[in-house]
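In the working numbering, the protein residues as written are 482 to 947.
What the hints contain is simulated information worked out from the structure, not anything from laboratory work. Every value quoted in this text rests on a predicted model; they were computed, and no experiment measured them. The reader is advised that the hints may include incorrect statements.
The calculated lysine-lysine pairs, modelled on BS3-like cross-linking and capped at a C-alpha distance of 30 Å, are [what the hints assert, rightly or not]: (1) K515 / K791; (2) K545 / K772; (3) K592 / K638; (4) K515 / K772; (5) K592 / K748.
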Amino acid sequence: MITRPIFVVLLTVVLMFGLLYAPIVAYADGPTVKVTQVDPSDFPRVTVYVSVTDESGEPIVGLKQEDFELKEDNNPVEILEFAGIGSDRPVDIVFVFDTTGSMDDEIEGVKNTSIAFANKLRDSNRDFRLGLVAFGDEIRSVDNRDGSLTADAEEFKRWVGRLRANGGDDGEEISLDALLEGSEMQFRSDAQKILLLITDAAPHERGDGTRFSRTTAGKTATTLKENGFTVYAVAYDDGRFRQIVGDTGGDFYDIQRERDFTGIIDKIGGLIASQYRITYRSNRPAYDGTKRPVSVTVGGTTAKVVYNEKHMLNVESNPIVAVLLALPLIAAMLFPVTWPRVKRTRQVAGSSPKPRHSSQPDRPGYPLNIPPVNPGYRPPAPPPTPPNSGYPKPGASTAYRPVSSTGSHPCTHCGKPVRVGAKFCTACGQPVMSASTPIASATCAHCGWLLRPGARFCPKCGSTLK
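Use the sequences and the hints to build the structure in full.
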């Protein structure tokens with residue numbers, strides 16, 4: 482028989498053992514871990530939002546930093562900040578609402594559950610802001626109109642109360658464009674950014690034969706993911722919606738199968754309220770524009786996601802550096818176009834005749850070097866022929882003139898005196914022959930044209946001289 486003191490001791494040991502290993506028991510079947518968002522906007526600081534739920538889909542609360550293991554590139558990382566349930570975790574949520582004719586019940590449901598939705602966020606210490614975009618075949622309204630969000634749940638309820646369901650006869654709506662419209666509202670830089678799409682119609686898409694949409698599902702998913710948005714959708718079961726939700730880390734609910742619409746909205750509010758925010762420093766802080774795999778492990782279950790480091794170089798912090806880095810690229814792009822033109826311009830400039838100079842001043846209205854029309858104007862007389870051109874006249878003797886008493890003889894080219902024995906004329910620079918050497922005939926035998934001494938061809942008729 483066990484005495485009372487021994488029983489108390491054994492009971493105490495069992496209770497202590499149960500408390501120490503409670504997390505292990507909770508994870509016996511393995512929690513569901515999901516990385517809902519990766520925000521690298523403050524790179525190399527990276528923030529991830531993690532949802533941890535049990536097998537029934539209910540959030541697991543009360544986890545601590547040591548319950549999480551984070552890796553990037555399969556290497557452990559240093560956790561800088563951890564915010565769990567009860568910590569301040571800003572979240573900005575924009576409802577993107579289809580207000581066509583078949584959405585009356587959903588509008589009423591969101592209006593009825595909006596206060597409970599906001600209260601759930603507030604009770605979980607989530608600093609929330611709310612916004613609203615209404616659409617059909619066009620963007621019908623945006624609240625607030627200046628793009629700002631509200632922290633007043635009653636104001637949000639009034640926005641929803643103004644919605645009226647009408648139109649939408651063609652069956653498809655511009656839900657993709659409405660998501661992009663919602664993403665352009667004034668989100669806080671430190672807040673988790675969430676878009677909640679509610680529609681019972683397939684999306685219009687660019688290229689579908691209509692002019693309603695300006696985007697595609699792929700482009701929308703890429704834009705939202707790169708800008709750090711998570712999309713939850715209570716929507717028509719369309720693969721394009723599932724693609725956007727899957728790429729951004731949200732959840733999809735088939736609006737035609739889920740009977741409890743307000744219950745879905747309440748569940749989404751609970752998931753958002755109970756997410757953990759973890760900030761770590763990347764082990765690879767280079768701005769290289771590469772994809773980085775991230776894994777989060779809780780209780781033996783691992784969730785994996787990939788984010789893209791968006792900068793090849795960190796030039797956002799200094800616009801001057803960005804411009805300087807862009808200049809060589811711009812020059813390289815323009816060089817093949819501009820260089821051939823510059824080259825042709827230089828060739829044309831080099832081949833154009835040089836302008837002739839004139840001693841006459843330019844006069845307005847008259848071409849250069851052309852005298853004005855004047856009845857009394859007489860053109861100047863041609864300059865007189867030099868007295869001694871150096872060429873003998875036709876029929877004249879071709880022998881050298883006798884040497885003068887000064888010891889010189891005339892140059893046969895210019896007629897200037899050349900000293901005896903000189904090989905070149907100091908006046909014209911032409912070679913001269915000695916006085917004792919007779920020269921050949923100075924006229925062409927074919928046309929009688931005067932020839933320079935030593936010429937082999939007649940410059941007038943082109944005959945070869947012997």
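A quick look at each hint next to the structure:
1. About 23 Å separates the Cα atoms of K515 and K791, which keeps this hinted pair within 30 Å; it holds.
2. Between K545 and K772 the CA atoms are separated by roughly 28 Å; this keeps the pair inside 30 Å, and the hint holds.
3. For the suggested pair K592 and K638, the alpha carbons sit about 6 Å apart, so the restraint of at most 30 Å is met.
4. At roughly 19 Å between alpha-carbon atoms, K515 and K772 fall within 30 Å of each other, so this suggested pair holds.
5. This hinted pair checks out: K592 and K748 have alpha carbons roughly 16 Å apart, not beyond 30 Å.
In this structure, none of the earlier numbered hints is contradicted; all agree with it.
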